Structures are given as C-alpha cells and as structure tokens.
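Work out the full structure: start from the sequences and follow the hints.
Protein sequences, first through last, are from chains A and B.
Using our numbering, you'd call the opening residue of the first sequence number 1 and step up by one each time.
Using our numbering, you'd call the opening residue of the second sequence number 1 and step up by one each time.
Please note: incorrect hints may appear among the correct ones.
Just so you have them, the derived chain B footprint on chain A, three or more residues with Cβ under 8 Å [claimed, not checked]:
id, region
1, 34-41
2, 61-75
3, 93-107
With a straight-line Cα cutoff of 27 Å, these simulated DSS-like cross-link-like pairs (lysine-lysine) come out [to be verified]:
id, chain 1, residue 1, chain 2, residue 2
4, A, Lys107, B, Lys43
5, B, Lys43, A, Lys39
6, A, Lys107, A, Lys42
7, B, Lys43, A, Lys45
8, A, Lys42, B, Lys43
Keep in mind the hints are simulated off the structure, nothing from the lab.
Computed from a predicted structure; not experimentally measured.
Beta carbons: idealized from backbone N, C-alpha and C, even for Gly.
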Amino acid sequence: DIQMTQSPSSLSASVGDSVTITCRASQRVERYLNWYQHKPGKAPKLLILLASSLASGVPLRFSGSGYGTDFTLTISSLQPEDFATYYCQQSLRPPFTFGPGTRVHIK
Amino acid sequence: EVQLVESGGGLVQPGGSLRLACVASGFTFSSYSMTWVRQAPGKGLEWVSFINNSTSMIFYADSVKGRFTISRDNAENSLFLQMNSLRAEDTAVYYCARGTARDSRDFDNWGQGALVIVSS
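So, in structure tokens, the structure goes:
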C-alpha cells in the first residue's frame, strides 16, 4: 500500500500569511495527488486535483505542485475562512490513502 | 446543484450490522464513480470503499474488507454501504462522495456525513 505523510502536522499563521504544506508518498504516484480542505462539522472540499489543477470554484490563492513522491499545497494569502485541516490523498491505486492532515490555525 | 444525502447511521452493538445509504441529486448519477470515506472521532480522513459508475471496479480498505459491501442502484440514484461484523473502531462519521468522472478517484462533491457509533 502507498503511505502518505504530511508536514507539518499543524501550523499557526496570521491572515495574509503565505502557507506551504508538504505531502510525501511512500511510492511514486506520478501526478495522482489531490488536496482537500476539511472544517469541523462540514463536508470535505476538493481543492486541487492531479497535483496542480484547481478544482471548480476554488480561489486562486490555492495552488499545488509536485510530481512523483513530493508535493506541496500553497495558500498565498491566508484568509479567515482558510483555517481548517488539509489532507492530501493519492488516487493512483487502491487503497486511495489520505495523509494524516495538517491543521492550520490562527496565530 | 449536486447534492448527496447520507442516511442510516446510528448506534449499533459490536458484531451488529448497519446499512448506510447516500441519495444523489443534481447530476447524472449513473455517469460517476462514488466512494465512502470515514472520520473517527479526533482522527483524520480514512478512505473506505470505491465503486465506479458501472460497478465493474470495486475496492475496499483492508480494515473493512470482508465485512463491508459497497453497492449502487443507478435507477434510484443511490449508493449503499452494508456494514457487517461492526467493531468499536468502525465508530466514525461516514461520508459519501462523488468522483469527477465514471472511473475517477478524485472526489469533488461530498455529503454532510452519517454518524455510526459501535458500542455496547
């Protein structure tokens, strides 16, 4: 199975900050890597698919990059509504594992 | 507007069974893959099971293989998860989600979740 790791596990930031989250796969997943945002009590939301494609309706301050085993999610100017937990997920082969999550909270 | 509404959650004893349903609207259900993802209390997201639009591709996480069965009724726009031999560690909010295409493993629309509690 492909294992996913994320770093950091949590971070504190201020509105307007640029934030980068890293995701690493235990095997190459090529570009089959997605990013989701999840807030307590809400449905998860797809942000980025296939490593770098912005999902429909997602603000341009979100961007993704990477290929193979190493990926990043960047939020260029953090907004109040961006405080949440972010997960990467590989979609290359089953089980379609999620990373452990990165919680972004207010400094 | 795409909508996914889960139902069937509740309290069940260890070893018991439960059947979750997810009713879809706002899109052509038969053209999209579907999946179940869960979140245990205080934990992260865990992928559970996947089914493509034609049911020719079905996958399960090792943690539920042999106990859970995913199915769909395209005529009724519904996705199901039959959960047998439930364990305390199956306690979670269960989300259904839609893939972006018939075989897609990228999940772009999610329901609000159904809570399953396994406890005596």
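We went through each hint and held it up to the structure:
Coverage of the region 34-41 of chain A by chain B holds in this model, with 3 residues showing a Cβ closer than 8 Å to a Cβ of that chain against a need of three. Only residues whose C-beta sits within less than 8 Å of a C-beta in chain B count toward coverage, and the region 61-75 of chain A has 0 of them, not enough to reach three; the restraint is violated. Coverage of a stretch by a chain is defined here by at least three residues with a beta carbon nearer than 8 Å to that chain's beta carbons; for the region 93-107 of chain A and chain B the count is 8, and the condition holds. Distance check on the hinted pair: Lys107/A and Lys43/B sit about 23 Å apart at the alpha-carbon level, within 27 Å; holds.
Proximity of Lys43/B to Lys39/A is assessed by CA-CA distance (about 13 Å); at most 27 Å being required, the pair is judged to hold. Simply put, Lys107/A and Lys42/A have alpha-carbon atoms about 22 Å apart, close enough for the 27 Å limit, and the pair holds. Our distance criterion of 27 Å between C-alpha atoms is met by Lys43/B and Lys45/A, whose separation comes to about 17 Å. Taking the CA atoms of Lys42/A and Lys43/B, the gap is near 15 Å; set against the 27 Å cutoff, the hint holds.
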